[in-house]
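Asker: With these hints in hand, go ahead and build the complete structure from the sequences.
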Amino acid sequence: MLRLPAQAGSPALTLGLAVSATAWYLILTLSGSVSPGWEAADLGSFRLWAVLLLLNLSAGAADALRQGAQGLRLCFCLAALFVLFSGAYVYLFRFEGVVGLAEGEAYEPVPAMFSAMDKGPLASIPALSFTVTRVDPDHAAGRVEIVRQGVRSEAGTRWERIGESDLRYLRSRLAPLVTVTGRDKGELERSYVKLDLEPPGKEESFMFGTLPYEFYLRKDRPGKAGAKPSFHLNVRRGKLSLFDGPLAVGRKAPVQGVEVAILEERKFAMLEIRSRRGHAVFMAALGLLALVAAAAVTVRAKGDPRGA
Amino acid sequence: MPQQPKVQWFFSLIFNEGKVTLYGHRDRPPVSGALTTFRSESVVLQAHLKRHLSCIFICLWALPLAGLLSDPPHFRYAFSRVLPGIAETGKVREAVTDFNNRLMDVYASQGVKRAADTIPATTGMRHRLFKDAGFLEMGGRVLVYDLASLEIRGVEMGGPLTATAVAREEWNYQYKNDRDWKSVADVRGTGSLFRYHLVRKGGKWLVLKYEPVRVGGKGA
Chain A
1 MLRLPAQAGS PALTLGLAVS ATAWYLILTL SGSVSPGWEA ADLGSFRLWA
51 VLLLLNLSAG AADALRQGAQ GLRLCFCLAA LFVLFSGAYV YLFRFEGVVG
101 LAEGEAYEPV PAMFSAMDKG PLASIPALSF TVTRVDPDHA AGRVEIVRQG
151 VRSEAGTRWE RIGESDLRYL RSRLAPLVTV TGRDKGELER SYVKLDLEPP
201 GKEESFMFGT LPYEFYLRKD RPGKAGAKPS FHLNVRRGKL SLFDGPLAVG
251 RKAPVQGVEV AILEERKFAM LEIRSRRGHA VFMAALGLLA LVAAAAVTVR
301 AKGDPRGA
Chain B
1 MPQQPKVQWF FSLIFNEGKV TLYGHRDRPP VSGALTTFRS ESVVLQAHLK
51 RHLSCIFICL WALPLAGLLS DPPHFRYAFS RVLPGIAETG KVREAVTDFN
101 NRLMDVYASQ GVKRAADTIP ATTGMRHRLF KDAGFLEMGG RVLVYDLASL
151 EIRGVEMGGP LTATAVAREE WNYQYKNDRD WKSVADVRGT GSLFRYHLVR
201 KGGKWLVLKY EPVRVGGKGA
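Respectively, the protein sequence lines represent chains A and B. Under my numbering, the first residue of the first sequence is numbered 1, with each subsequent residue one higher. Under my numbering, the first residue of the second sequence is numbered 1, with each subsequent residue one higher.
Hints in this document: simulated from the structure, not taken from any laboratory. Each residue gets a CB set at the ideal place from its N, CA and C atoms; glycine is no exception. Any given hint might turn out to be false.
Said to hold, decoys possible - For lysine-lysine, the following DSSO-like pairs were computed, each having C-alpha atoms within a straight-line distance of at most 30 angstroms: (1) K209/B to K202/A; (2) K185/A to K131/B; (3) K201/B to K239/A; (4) K252/A to K202/A; (5) K204/B to K239/A; (6) K209/B to K267/A.
To be verified - Calculated Cβ distances over 12 angstroms to all of chain B for the following chain A residues: (7) W38; (8) A79; (9) L81; (10) L84; (11) F95; (12) T131; (13) E154; (14) A175; (15) S191; (16) Y192; (17) E264; (18) R274; (19) M283.
Answerer: Structure below.
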């Protein structure tokens, strides 16, 4: 029983756990089973390995303390534990999301605002407060002007710090204003639909909560310079196609007693928002571990002057 | 218990004319040979080799074993890249077929909960079907679907939890009055290619959404 901490905290076991976790992370990533980053930490097997590593390193640190004259091993165990804890903190509180905001639209920290989101189990949506006042599309160098607490600032394609989060401009698109009008009931729906229809020919679908139809929209290739953009609309209900044809801006398409029209387009920007709490500490922990590991290799290579 | 004598291994990496050679020496450090171009290569790693290698070997096999118990889709998907036979394409095909068979019940029953609950679809998709049947009921109509033919053309696994299937379908449909089930229109037929997006949830493949496929291009 007295030898148990020494066995449980053996460097060989540390090496085995670390090598197997790294090797299988690479295998799963290369096979496309998990995407690079923190997704592997969602798997039960990797969480189990993290717990085993935690126990192994704790036992190793305790063993080094008990035996004395093993300062380097103690430092290594503590640095590795620091990496584990700071990594767990980053994983639990990370947030990344993409939000589409039109000119004049204010950001709201609600899930429905985001078109894509990846967050840790304990993370919340960043509670930012800003309004997009101008979208300046310029491909690689595009930017948005935002107003935050009365202060005007710009965000480009590089990360800008806003409160405890970061924000950057991804791209801008044009949101068509789609209206659906009933014969007897007047206007049933009127919304700017934020779709990514670039390049021309790319198709996206959308639905309105109050209607049973699915709308598939794509932009036709631009004709003469200055001509109004032209769309292709396919309206479906279940397995049935109800309308499939071109739809110019301002024209109406009749569908089962209602009329669908696109009246205009409005610029909107796709913004990426992220929150990386504890990331700097995690990187520092990794650096510290690398330093301790380098020191350990150097001492081993040159031989411990104390003969330990 | 007698203490086993410690065996130490010394390794040296020899760099010579662009080639790297690894030499192992038991119990004594290597002596630099004539081929060595510089002296700093002498001892790179000193370890209890057998013990370390056994630990690495056991851990390397233990992790996928734990993974097959706790995260079977991810590890099965990784292994299916070299063993295509273990991919879940058969289950995806079954889910698409079952979805279309049960879709007829959902519409015929005007979206009763029992029919909607049995269909292999996500909550969002079930809600969509339920809503459509409800809209028809509000208009005093029942849409009777009849699946004439279903041919699944291909299944592509997008990852351990996502898959796409393309199917050629032919449907007959007829609108009926919801009170007496008298026909209010003729029986019509439609045939299309559909792309199904499926997700794996709770050990089952569920239809997330389906969309028409335009021949010769992506989308409708």
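Asker: Compare the structure with each hint and give your call.
Answerer: Evaluated hints:
A C-alpha spacing of about 18 angstroms is found between K209/B and K202/A, which places the hinted pair at or below 30 angstroms, so the restraint holds. Restraint check for K185/A and K131/B: the C-alpha separation of about 20 angstroms stays at or below 30 angstroms, so the hint holds. With a C-alpha separation of about 24 angstroms, the suggested pairing of K201/B with K239/A holds against the 30 angstroms cut-off. Our distance criterion of 30 angstroms between C-alpha atoms is met by K252/A and K202/A, whose separation comes to about 22 angstroms.
Note on K204/B and K239/A: the hinted pairing holds, with a Cα-Cα distance of about 24 angstroms set against a maximum of 30 angstroms. Annotation: proposed proximity of K209/B to K267/A holds, straight-line Cα distance about 28 angstroms (limit 30 angstroms). For W38/A, the non-interface assignment is confirmed: its Cβ lies about 14 angstroms from the closest Cβ of chain B, beyond the 12 angstroms cut-off. Distance to chain B confirms A79/A as a non-interface residue, since its nearest Cβ pair spans about 20 angstroms, more than 12 angstroms.
For L81/A, the non-interface assignment is confirmed: its Cβ lies about 19 angstroms from the closest Cβ of chain B, beyond the 12 angstroms cut-off. Every CB of chain B is more than 12 angstroms from the CB of L84/A (nearest about 16 angstroms), matching its label as outside the interface. The claim that F95/A is not at the interface with chain B holds, since no C-beta of that chain comes within 12 angstroms of its own (minimum 21 angstroms). Remark: the non-interface label on T131/A is consistent with the geometry, its nearest Cβ contact in chain B lying 30 angstroms away (cut-off 12 angstroms).
No Cβ of chain B approaches the Cβ of E154/A within 12 angstroms, the least distance being about 36 angstroms, so the stated non-interface status holds. No beta-carbon of chain B is positioned within 12 angstroms of the beta-carbon of A175/A; the least distance is around 19 angstroms. The beta carbon of S191/A is kept farther than 12 angstroms from every beta carbon of chain B, the shortest such distance being approximately 18 angstroms. Look at Y192/A: its CB is around 21 angstroms from the nearest CB on chain B, clear of 12 angstroms, so calling it non-interface holds up.
E264/A, annotated as away from the interface, keeps every beta carbon of chain B farther than 12 angstroms; the closest lies near 24 angstroms. Chain B leaves R274/A outside its interface by the beta-carbon criterion, the shortest separation being 23 angstroms against a cut-off of 12 angstroms. At roughly 26 angstroms from the closest C-beta of chain B, the C-beta of M283/A stays outside 12 angstroms, upholding its exclusion from the interface.
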